[in-house]
Amino acid sequence: MPRFGAAKRMRRAILEIVSGPLTGQIIEVRAGGVTRIGRTAKADCALAQDSFLSGIHFAVGSDETGFYVRDLASSNGTLLNGSKVAQATLGDGDRIHAGQSTFLVHMEGASTQAGTPLAAPIAAGDLGKPLAPETQRLLEILRSQAEPLFAILDGARDQKVVEMLSGSGEEFRSLYDGKLASELALLAPYLVYLPPASPLLEKLAREGWGNNWGVYLTCSQPLLGVRHHLRHFLMVQSEGGDSLYFRFYDPRVLRVYLPTCTTEERQFFFGPVASYLVESEGDGALLRFVAGQKEATRRDLAFPGGPSV
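By my numbering, the letter at position 275 of the sequence shown is numbered 282, and the numbering carries on one by one without gaps.
Certain hints may be false.
[Stated by the list, open to error] Ranges of calculated distance between the beta carbons of each label pair, as one might list FRET restraints:
| hint | residue 1 | residue 2 | range |
| --- | --- | --- | --- |
| 1 | S227 | S90 | 29 to 37 angstroms |
| 2 | G289 | D51 | 52 to 60 angstroms |
| 3 | E115 | C268 | 36 to 44 angstroms |
| 4 | P140 | S90 | 26 to 34 angstroms |
| 5 | L138 | D290 | 16 to 24 angstroms |
| 6 | D51 | F275 | 24 to 32 angstroms |
| 7 | R18 | F253 | 48 to 56 angstroms |
| 8 | A93 | G299 | 17 to 25 angstroms |
| 9 | Q143 | T72 | 39 to 47 angstroms |
| 10 | E190 | R259 | 42 to 50 angstroms |
| 11 | G299 | R37 | 54 to 62 angstroms |
| 12 | P202 | P140 | 52 to 60 angstroms |
[To be verified] Taking lysine to aspartate or glutamate pairs in the DMTMM-like style, the calculated list, with each CA pair at most 20 angstroms apart, reads:
| hint | residue 1 | residue 2 |
| --- | --- | --- |
| 13 | K210 | D165 |
| 14 | K210 | D249 |
| 15 | K49 | E71 |
| 16 | K91 | E141 |
| 17 | K186 | D161 |
| 18 | K210 | E141 |
| 19 | K186 | E288 |
In short, the hints are calculated from the structure, not lab data. Quick reminder that beta carbons are idealized off the backbone N, C-alpha and C, glycines included.
I would like the entire structure built from these sequences, with the hints used as guidance.
See the structure below:
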């Protein structure tokens, strides 16, 4: 007679989709069973709306040691609490990220000690350490914006970008769609909403500022409205008529591009966006571009009492 041990004590695992196109939906996996999750009807649970998922992306099941998650040779991998895994044991409060979706794991019958810490990549490590004065000043500026704050982050700059987004619990979406979104999931630009108290915002300020991970912007529209506007600028045409990717979300590109725009070009590029906040070259100061000004306002983070230009 088979024994299930921990899996028997945990009668079922509930996967709550907390971000992605199917946010709010619930998937139930009972002890002793296996549920395969993916984009197509070949999966036991098909999430066709998530174009980032592979046809059969990952499985959640249980054996004598407890519940586990197993990647099923997916194109873009399966992340558990921000780290890519082939197979790993699941605990109450874990987060699985696959495709564009994040699944929060609830264990029925779990003790309060069971499982791994919620959103471990964001909660662990240097978030408890004192902030450098420049980082503290940067956070003060970003948190004090009059309109909601977003960031466009470049997955191609560092593998940490997608891992941090996946474990953050914040609302985010790729700027790519369809097949391109699936094929380039680990290299795509991502738009993320950043509430003032977001642990992810502090993490980005500590690790990303000065490393060209992306740019910040402020806008009163919801994330999907901002994304719809930004997608207009992913491709541009060269003088010869060739279509080229436009990496406007790279601060090295944006801080050179905006001062060269005509008034009409600036108005179109900004659209509903109130401002772009970009790191400067070399010294990491903050440059603030607004639609009605050709040049940026500069804020020196190392000397917060100094003049702005």
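CB of G289 to CB of D51, is that within 52 to 60 angstroms?
-> 53 angstroms, holds
Cβ-Cβ distance between P140 and S90: within 26 to 34 angstroms?
-> 32 angstroms, holds
Taking 20 angstroms as the top limit, are the C-alpha atoms of K210 and E141 close enough?
-> 14 angstroms, holds
Is the straight-line distance between the alpha-carbon of K91 and that of E141 20 angstroms or less?
-> Measuring from Cα to Cα gives roughly 32 angstroms; hence the hint is violated.
Within a Cα-Cα threshold of 20 angstroms, do K210 and D249 meet the stated pairing?
-> 38 angstroms, violated
Confirm or reject the claim that P202 and P140 have a C-beta distance inside 52 to 60 angstroms.
-> Since P202 and P140 have Cβ atoms about 24 angstroms apart, the given range 52 to 60 angstroms is violated.
Starting from K210, check that the Cα of D165 is at most 20 angstroms away, please.
-> 14 angstroms, holds
Between K186 and D161, does the CA-CA distance stay at or below 20 angstroms?
-> 18 angstroms, holds
Does 42 to 50 angstroms hold as the CB distance between E190 and R259, or does it fail?
-> Violated - the Cβ-Cβ distance for E190 and R259, about 25 angstroms, lies outside 42 to 50 angstroms.
Starting from the range 39 to 47 angstroms, see whether the pair Q143 and T72 falls in it by beta-carbon distance.
-> Hint holds: Cβ distance 45 angstroms, inside 39 to 47 angstroms.
Is it true that S227 and S90 lie within 29 to 37 angstroms of each other by Cβ?
-> 35 angstroms, holds
Is the straight-line distance between the alpha-carbon of K186 and that of E288 20 angstroms or less?
-> 35 angstroms, violated
The structure does not agree with the numbered hints 3, 6, 8, 10, 12, 14, 15, 16, 19 stated previously, though it agrees with the rest.
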